[in-house]
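*Asks:* Here's the letter readout for the chains.
Protein chains: 2
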Amino acid sequence: MRGSEANSGGRLPIDALHVDRQSGVPIQRQIYLALRDFILRGVLDQGTRLPATRELAKDLAISRNTAVRVYEQLSSEGYVETRQGSRTYVADLPSSTKANHKLGPEASAADLSPFAMAFDIDERIDFAPGAAALRPSTPDTGVFPFKTWNRLLGGHLLYRNVELLNYNFPYGYPPLQEAISKYVQAYRGVRCEPDQVLVTNGAQSGLDLLARVLLDKGDVVWMEEPGYVNARLVFGAAGADLRAWKVCEAGWDFADLPVGKPRVIYTTPSSQHPLGLTMGAEQRLRLLETASQHEAWVIEDDYDSEYRLAGRSVPAMQGNDAFGRTIYVGTFAKTMFPAIRIGFVVLPPLIAQRVKRAALYSGNQVSLPMQATLKDFIVNGHFARHLHRTRRLYAERRSIFTELVASRLGAWLQPYQSDVGIQIAYRLTRPMNDVAIARRANQQGLNVVPLSRYYSGPPVPGLLMGYAALDEKAMRSCLAILASVIETSEEIH
Amino acid sequence: MRGSEANSGGRLPIDALHVDRQSGVPIQRQIYLALRDFILRGVLDQGTRLPATRELAKDLAISRNTAVRVYEQLSSEGYVETRQGSRTYVADLPSSTKANHKLGPEASAADLSPFAMAFDIDERIDFAPGAAALRPSTPDTGVFPFKTWNRLLGGHLLYRNVELLNYNFPYGYPPLQEAISKYVQAYRGVRCEPDQVLVTNGAQSGLDLLARVLLDKGDVVWMEEPGYVNARLVFGAAGADLRAWKVCEAGWDFADLPVGKPRVIYTTPSSQHPLGLTMGAEQRLRLLETASQHEAWVIEDDYDSEYRLAGRSVPAMQGNDAFGRTIYVGTFAKTMFPAIRIGFVVLPPLIAQRVKRAALYSGNQVSLPMQATLKDFIVNGHFARHLHRTRRLYAERRSIFTELVASRLGAWLQPYQSDVGIQIAYRLTRPMNDVAIARRANQQGLNVVPLSRYYSGPPVPGLLMGYAALDEKAMRSCLAILASVIETSEEIH
Chain A
1 MRGSEANSGG RLPIDALHVD RQSGVPIQRQ IYLALRDFIL RGVLDQGTRL PATRELAKDL
61 AISRNTAVRV YEQLSSEGYV ETRQGSRTYV ADLPSSTKAN HKLGPEASAA DLSPFAMAFD
121 IDERIDFAPG AAALRPSTPD TGVFPFKTWN RLLGGHLLYR NVELLNYNFP YGYPPLQEAI
181 SKYVQAYRGV RCEPDQVLVT NGAQSGLDLL ARVLLDKGDV VWMEEPGYVN ARLVFGAAGA
241 DLRAWKVCEA GWDFADLPVG KPRVIYTTPS SQHPLGLTMG AEQRLRLLET ASQHEAWVIE
301 DDYDSEYRLA GRSVPAMQGN DAFGRTIYVG TFAKTMFPAI RIGFVVLPPL IAQRVKRAAL
361 YSGNQVSLPM QATLKDFIVN GHFARHLHRT RRLYAERRSI FTELVASRLG AWLQPYQSDV
421 GIQIAYRLTR PMNDVAIARR ANQQGLNVVP LSRYYSGPPV PGLLMGYAAL DEKAMRSCLA
481 ILASVIETSE EIH
Chain B
1 MRGSEANSGG RLPIDALHVD RQSGVPIQRQ IYLALRDFIL RGVLDQGTRL PATRELAKDL
61 AISRNTAVRV YEQLSSEGYV ETRQGSRTYV ADLPSSTKAN HKLGPEASAA DLSPFAMAFD
121 IDERIDFAPG AAALRPSTPD TGVFPFKTWN RLLGGHLLYR NVELLNYNFP YGYPPLQEAI
181 SKYVQAYRGV RCEPDQVLVT NGAQSGLDLL ARVLLDKGDV VWMEEPGYVN ARLVFGAAGA
241 DLRAWKVCEA GWDFADLPVG KPRVIYTTPS SQHPLGLTMG AEQRLRLLET ASQHEAWVIE
301 DDYDSEYRLA GRSVPAMQGN DAFGRTIYVG TFAKTMFPAI RIGFVVLPPL IAQRVKRAAL
361 YSGNQVSLPM QATLKDFIVN GHFARHLHRT RRLYAERRSI FTELVASRLG AWLQPYQSDV
421 GIQIAYRLTR PMNDVAIARR ANQQGLNVVP LSRYYSGPPV PGLLMGYAAL DEKAMRSCLA
481 ILASVIETSE EIH
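Chains A and B are the protein sequences, given in the same order.
For the first sequence, our numbering assigns the number 1 to the initial residue and increments by one for each residue that follows.
For the second sequence, our numbering assigns the number 1 to the initial residue and increments by one for each residue that follows.
In case anyone wonders, no lab produced these hints; they're calculated from the structure.
Where is the CB? At the ideal position from N, CA and C, for every residue including glycine.
Among the hints, erroneous ones may be present.
[To be verified] Anything over 10 Å on all C-beta distances counts as not near chain B; from chain A, calculated:
no.	residue
1	33
2	212
3	411
4	444
5	455
[Stated by the list, open to error] Covered stretches of chain B, going by a simulated chain A footprint (3 or more residues, C-beta under 8 Å):
no.	segment
6	159–172
7	189–195
8	201–215
9	481–490
[Stated by the list, open to error] Within a straight-line C-alpha distance of at most 27 Å, the following computed BS3-like cross-link-like pairs (lysine-lysine) qualify:
no.	chain 1	residue 1	chain 2	residue 2
10	B	182	A	217
11	A	261	B	217
12	B	261	B	217
13	B	182	B	217
14	B	261	A	217
15	A	147	B	217
Assemble the whole structure, with the sequences as input and the hints as a guide.
*Replies:* What follows is the structure, encoded as structure tokens:
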């Protein structure tokens, strides 16, 4: 074992000690790491005597002090020992060195948990970074008032408010909880006290947290089909038994509810993901009644319904829930910008404290200066102004986009009837492979998503496209590319 | 059911319609919400005829247009319907209204998962927000170069780089992965390629993610005792079977390793949490060999070992691991400031892609402009300079602090021998209740932690205290308060 091929024959291979004076890493550090590596790899055997510090310094053209400090560090960590006065020898270490790594089995990916393997999915559509193009769920970051945002954020950092810079307010920054609570009451009809609000690191981490606190392995989840893929994934990873609840052009299929007693019902009633439909008042109440009968939780994912063409937005279902079973999930990714990575959850009072505690210990927290900045942004009216401005802008863009698609691609793409959200779902009117079309389109930077991606069972092929980030010129050029892709795609017979 | 006490007798109770013109909520919205509430609560029965829009406008002193739009919205959502020409009636809705909430059971906290209940712990020590005082793990935020940080961050936001502002680089911002990889190689002796680096929303979320991807219910975890509470909690919440691995003043107990084949071994070898000990080279190799024999993963939590009094820091154990079983967890919370909420994990290559995917779908991502800012901060040398400055500052403060404690409180508090980290563990030399002492001290804003909090079994009572955020004057005043608390605490006999 010792005496391996790598062995140096009892001498320090001084020529192999390469010192790089340009690397930025201190020279003492470089020599220390190299010697330690020799010892660990068995290049230097146990008992090998190292050169005296004077000698080492001369050979490497370093100061004697540096050499002394290298030996001191190696000695303090047990790699070398000093004997017979001041002579330095390699210490006796266990045998698991680099050269002997066949002693034990190496790690393998098979050692991971079922949770880790739940995300082993093939059918990922890659997006091109850079321009948003037709990417769904993407607002126009060019119109966000970053100057104002920076001023507010900079104030909190430069002021050095130690409350905000250290570990504090583990369950959320109270003034932000209050600001969000007021916002969702006024704009979304949510019934909410500030301490029901949990601020999360984006909406996705909120969904993941809910899956964990609500679901045990084998619990039944009713999941919209087609439905939001990333929600389906976290429910699946939590070990849930997913049952498809069909949604089609006519709406949610209440005549054919999934079988099995649900623990959780996931729904997007104000802007169905991906179809953009809105659930009517009667259906909402029927859903809440069904949930109550089953003693199920309802997760209401309200991700972009602030943007509705006609009139004010339809209020959230949570406001209709008399049973305390609806958990409302919101996000600032669409109303502000995706990289803000701030979402929130409105919890029923009975479970709020427990869920917030789970969020704290699982590390799902948002930086306090960011929370304080968002609070200022809302309370000072910047958020309402930005929402107002983008509502008008996106409404204009939506009608331009739908007209352009109708005139250019109407023979292939039929829109689902929707007046909400910042994306539009289109059905392919001819038998074509939407995944193949999306792949080709995205190679040219379009960033569309095939509708079939949102189905767990037999899909209705189509495309989901965002329009909010594009002006008319950009839309025209994207749609020209898309037309050329679709026109040259083959039909399936 | 209908015809309940709340019923209005078939008329809209116009006096109960309170319009608040100062609230900032549009008047149309207020009236809409109030009417919807009357309908849902059964105040307005099915079939009740609503006043004509002209009448409503007059009664409430609003414009006729506003009244029309309110009715239109209620109608589009199915709450009212228009019959007999233009008359508006309350529609027939299912019976689950507020007034009838006894129809189904209300939600209860008992409906939560075992994961949610895992954090139901009693023994929380509350910290006072505001000054850090003696709080462990707390750096001095007053010396961080926030002006530089803001300039870098502001640049990324104002430049409106759409790559950074939208959903992109789901597995981490590549230039930051590279910067971190270089840092841990040069400063911590970690062997690392950029794509092994996963940037996490703070170190705690990294630990939680590792618990989820590595552990299945019932898997054995060897956990240092005393050890980091928040790690123990996430392993427990993942369903692990925790086995205590004893650590005392003499170090890690290798003579009495826990029984059972571990799936994960959690350790803090460069700065034991909370005692501040450092594991020697021979013990590290023995630990790695043990892990390899058991085919266990080693989680090396390296949270503050950048701060070592004597010489350079001891390199990470990961650099000695020839088996690819060590997962290195790092954080910028101590070297920069806690509210940055950026940590990272260095993954063995074989599992890196799967773990990064699990991080993406569970929402454990860091805002891209923040990632880009941190990258600049490291690459431009600001990080190295700040580290250098704080190393000197904290070394000075450490010796002042230990001398002050020795002279003022030496009769009660005996330090564990340590030269690393930004906190110091003290053993109580007399039989006293450390929780009671900490509670009383923290009521006066000291923010100390009782050592017994870090034990799952019989504790060694003591206190863990941070010193890095305090100058000598502040130390003296904190320690005077602590002395008065301890002097007036009773001994247990």
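*Asks:* Looking back at the numbered hints, which does the structure fail to meet, lowest number first?
*Replies:* 1, 2, 7, 9, 10, 13, 15
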